[in-house]
Amino acid sequence: MPNSAVIFAKRSLILSKIYSAVGIFFAAFGVFVSIAFILAGQSVPVAYFLFPAAFMAFGMLMFSTSVILLYVYDKNNGVLEYLLSLGWSQSDIFKCYLKSALLISLTLFTAEFTANVVAIVITGALQGLVTLAFTAMLGFSAISLITIAMMAFSSLQKQRVGANSPLALTIGVPIIIPTFYIPFFLPLYVAILVELFIVALAGGLSIVLLILSSRLIRREKMLP
Amino acid sequence: MHALELNNVSSGYNKQVVLHDITFKLQEPSIYVVLGPNGAGKTTLFRTIAGILEPFSGKILLDDQDTTTSGKTRSKISYLSQYNAMPEEMTVYNALKFYSDIEGGDPDKVIDLLDLGQLKNKRFSDLSQGQKKRAAIAKVFLHESDLYLLDEPTANLDPAVSKEIRDIILKLSKDKMILYSSHNLYEATDIGTYLILIKNGSVTLFDKISNIKPKQYRVGIKASTDISKIVDAHREGDYFVLNVSSPEEAGLALKKLVENGVLVTEMRQLDNPLQELFESSNGKVEKTQKEPQQVAK
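Chains V and A are the protein sequences, given in the same order. Read left to right, the first sequence gives residues 1 to 224 (the numbering used here). Read left to right, the second sequence gives residues 1 to 297 (the numbering used here).
Just so you know, the hints here were simulated from the structure itself, not pulled from any lab data. There could be a bad hint or two in this list.
Unchecked claim - Okay, the calculated beta carbon distance ranges per label pair:
hint, chain 1, residue 1, chain 2, residue 2, range
1, A, Y83, V, T107, 25 to 33 Å
2, A, N14, V, P174, 26 to 34 Å
3, A, K122, V, L212, 35 to 43 Å
4, A, Y83, V, G204, 32 to 40 Å
The beta-carbon is built from N, C-alpha and C at its ideal position, and this holds for glycine as well.
With these hints in hand, go ahead and build the complete structure from the sequences.
This is the structure in structure tokens:
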């Protein structure tokens, strides 16, 4: 699969600009809140630094949703069938689209990271690193799980790109949503543990699904 | 010389068997038309040979190598599905480049080969159905294969564009082994050398098309005068129709008409030679030729 993930990433961004725009909006809001907290420094409880992480991770998730739409699109127009005929396995296909989703979200995370690091360097408020660490962990684990789950259960969604909200968001939102509230209702260490549990759960499930993909998902599920 | 051999292949979707114990062998470069009504199992057969579906049982051998276990062998098979399988948002050139990056080959070469020069910078989604099909065919010829599987390449195309596509395939088919599926009898006789008739997931006939002789020929004749008093013909629309048992008998009738001073302006076979076979395949399967699943020589 030489450079295929990059090509698929570009294709998905071309195909669906709405989710990219929504993703950028959430990421920008998260960065805004994060920088505001960093500038406020010691007056903001450390647990609150998890709050912008949820927004930035959700932004990454929305930004990468276009890859899932591309998967459904490629399935419907026979591209996946053709890739199977070229000798790709189900796992190869899943990995390619997963890499594309992670690649796309990485570009947004890089922007979030840069903005936050600049603010941290200027203010010296190291609490901002908590935001970045949880953004990365939450974002990439949720994206992995949602992308793989969506591909695995794509036969439940027949609509083409833009025709309907992707099923992935229905799966993904409940994972991310609690992280918006946790920082305000739980003590710092408990909040961190709960969010780490969510990260581990999402990451672990996505790895299991990926390993089992060739066994669990029949090739005919990828046919138009 | 390449050979494709299917030995007792059964295949289908989920656990539902669509193909039942398919056995045949292709052993010379030619166009083999897989003919059958909708739902007969043509696409399933192609998907199974292409490695998209794993057979429930049996073996598929290309040059004595098992395609189900050898990725290298499977890479020698090119497959054109009924779907164009092209990224619609890309230009023709970029779409071909996209596949050449994955499977190898030179996009410029196939663009020349299929005369796509004027279309290469157009978005695939902006092309007509015929142009899309030409571009999709180009993708299949990106790299040299030993076997080409073309699944109803002229489906949903108008007759003129269908003819154009068939001409392209005929041009590209020299020294190549091509399995070409269709449910169009005229297309089958136009393009094919061999016929593989498939019905309800089983091969009911495998033979050279030239060997397939109907029991009766319906010959249409346009003539300057009423010929029904000279030969045993009756009028059907613009034609006098003559039922004969062989082409030679039709020739004798023509000779008789000419001897009687009749000006014959047109003489043609009205039915497709595969008509009878196809109809019997749709109803009661008729094994008039060689036994099914026998190797054609």
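Verification of the supplied hints:
For the pair A:Y83 and V:T107, the beta carbons lie near 31 Å from each other, so the given range of 25 to 33 Å is met. For A:N14 and V:P174, the hinted distance range of 26 to 34 Å is satisfied, since their beta carbons lie about 30 Å from each other. At roughly 42 Å, the beta carbons of A:K122 and V:L212 sit within the given window of 35 to 43 Å. In this structure the supplied range 32 to 40 Å holds for A:Y83 paired with V:G204, their Cβ-Cβ distance being about 36 Å.
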